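Enquirer: Sequence:
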Amino acid sequence: MDAAIPSPGCALNEDAVADRSPDPAPWFKRRGYPHFDRPLDLEQAQRLVMDPGAVAERGFLPFLAFDIEQRRYKKCADGTRRMDVKRRPVAFASHSDAAIFSYYAYLLKLPYEEELRNRGLTENVIAYRRFVPPKCNIHFAHEAIAEIERRGDCEAIALDIEKFFDTIPHDALKRLWGHVLGTDTLPPDHYAVFKAITKWAKADRSEVFKTLGIGRRQAENWRQPATLCTPREFREKIRGGELISVGYMIKGGRPVGIPQGSPISAMLSNLVMLEADSAVAEEAKERGVYYRRYSDDILLVGNPDDVTCVEKTFKAAMATLGLDINDDKTKRARFTPDGDGLLNASEPLQYLGFVFTGKRVLVRPQTIAKFIQRMKRSVRSASRAATAAGRQGRSGKIRRQELYARYSHLGPTQAMLKRQDSPTLRNNFYTYAVRAAREMQRSEIKRQLRKHWPRLNAEIELAGG
1 MDAAIPSPGC
11 ALNEDAVADR
21 SPDPAPWFKR
31 RGYPHFDRPL
41 DLEQAQRLVM
51 DPGAVAERGF
61 LPFLAFDIEQ
71 RRYKKCADGT
81 RRMDVKRRPV
91 AFASHSDAAI
101 FSYYAYLLKL
111 PYEEELRNRG
121 LTENVIAYRR
131 FVPPKCNIHF
141 AHEAIAEIER
151 RGDCEAIALD
161 IEKFFDTIPH
171 DALKRLWGHV
181 LGTDTLPPDH
191 YAVFKAITKW
201 AKADRSEVFK
211 TLGIGRRQAE
221 NWRQPATLCT
231 PREFREKIRG
241 GELISVGYMI
251 KGGRPVGIPQ
261 GSPISAMLSN
271 LVMLEADSAV
281 AEEAKERGVY
291 YRRYSDDILL
301 VGNPDDVTCV
311 EKTFKAAMAT
321 LGLDINDDKT
331 KRARFTPDGD
341 GLLNASEPLQ
351 YLGFVFTGKR
361 VLVRPQTIAK
371 FIQRMKRSVR
381 SASRAATAAG
391 RQGRSGKIRR
401 QELYARYSHL
411 GPTQAMLKRQ
421 DSPTLRNNFY
431 TYAVRAAREM
441 QRSEIKRQLR
451 KHWPRLNAEI
461 ELAGG
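Letter 228 of the sequence shown, counting from 1, is numbered 228 in this note's numbering, and no numbers are missing.
No lab work stands behind these hints, which were simulated from the structure alone.
Note that this is a predicted model, so its numbers are computed, not measured.
Hints are supplied without guarantee of correctness; some may be wrong.
Derived Cβ-Cβ restraints for the label pairs, each shown as a range [unchecked claim]: (1) A385 x N457: 14 to 24 Å; (2) N344 x M50: 53 to 63 Å; (3) P188 x H409: 47 to 57 Å; (4) A279 x G253: 18 to 28 Å; (5) P89 x P304: 49 to 59 Å; (6) D324 x D153: 24 to 34 Å; (7) H179 x M249: 23 to 33 Å; (8) P111 x N457: 50 to 60 Å; (9) E286 x A146: 18 to 28 Å.
Heads up, the beta-carbon is just placed ideally off N, CA and C, and yes, glycines get one too.
Please work from the sequences and hints to get the whole structure.
Expert: Here is the structure:
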């Protein structure tokens, strides 16, 4: 999975097991998107999820599915840059279903975390877990780079599991789900959740909006969570209109795939890898190889021959699960001391949104390019909004403060946070990069950002701000 723009700020790895918060319901989150049912408050959610009988008998609603588009610029052989669009499918569960998924992910975390401790995997599996003190991609990348620098003469191999969530095998997931619960047969409520997340159904969001007469502009500006339709409209227009389809697929005769975007998907993506992680980590430990897995991104560091052996073990474990390695994304970097206390690299190593050349650590240039493109689109959008406001007799000036909040070191004002407090608003990519420079003690990352403030203001001026 591409890191794209790293998670803003440096928030905790989500979906923690040992939640140390005094929050009595750390699994609960009020979700702000329109769906086929109404949003739940905490009391409603607790009544729903803490009734195993009701969960076991529940009819789960289809996911709303859509693609997130990411523009990518690739350098061609003639030196020009070509843009293509990468589409990543995601799916959102209904509010009630999301509460159930979130609660059952919470129930699985303690036994899963205990399995990691028993198998000695707490340092190897780093995605979607809570660490004390808190860690995020900055820390994981920094630790990996420090390990390479400590070893000096070594090889690093970065591997990628192809279409990981889309090809998670249901049979292995069910078996390991029961294993961490200490049972061969899933309890009825757990089995109902398992079926809902594996035999999942979906409805294309754009087709749903079109069928219900929801325009694009109305959908984009839907600020408050709302019910898309009545139960009768759902039966007649959505189910009756044949907008619902199967979300999973068959690969090699096995049903595979879970939706990306559900509150339980991250937990299950770790769970299904439990035995593979154990086998690979054991081999890595015997050979003195550094092994880390962040979801579908794998890093091996060590003596070249030993790394190759562990790589073979990992590929064999993936073959057993029916998962494929994306060979096009497999990268090897050979590091050797240069005699001046630094390292030479056969090629730069890219890991979790950072690039290590042996001498410098940088944020991926593609990531910064995406951030700039997103900033430019936001400025143009703010300009259009200001023009429309001017026609209505209101202020026609671009709201600089909102752009500064999302795209500069200034961040949001307290008044803005009172209106809309969210991780993406509180911590933008700029502040993430600044924190990376500080945590890693790498001034070269700050130098990557030095032109951003004048560029942002120039874009605003150009747009009429």
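Enquirer: Flag every earlier hint the structure violates by its number, smallest first.
Expert: The structure conflicts with hint 5 only, although it agrees with all the remaining ones.
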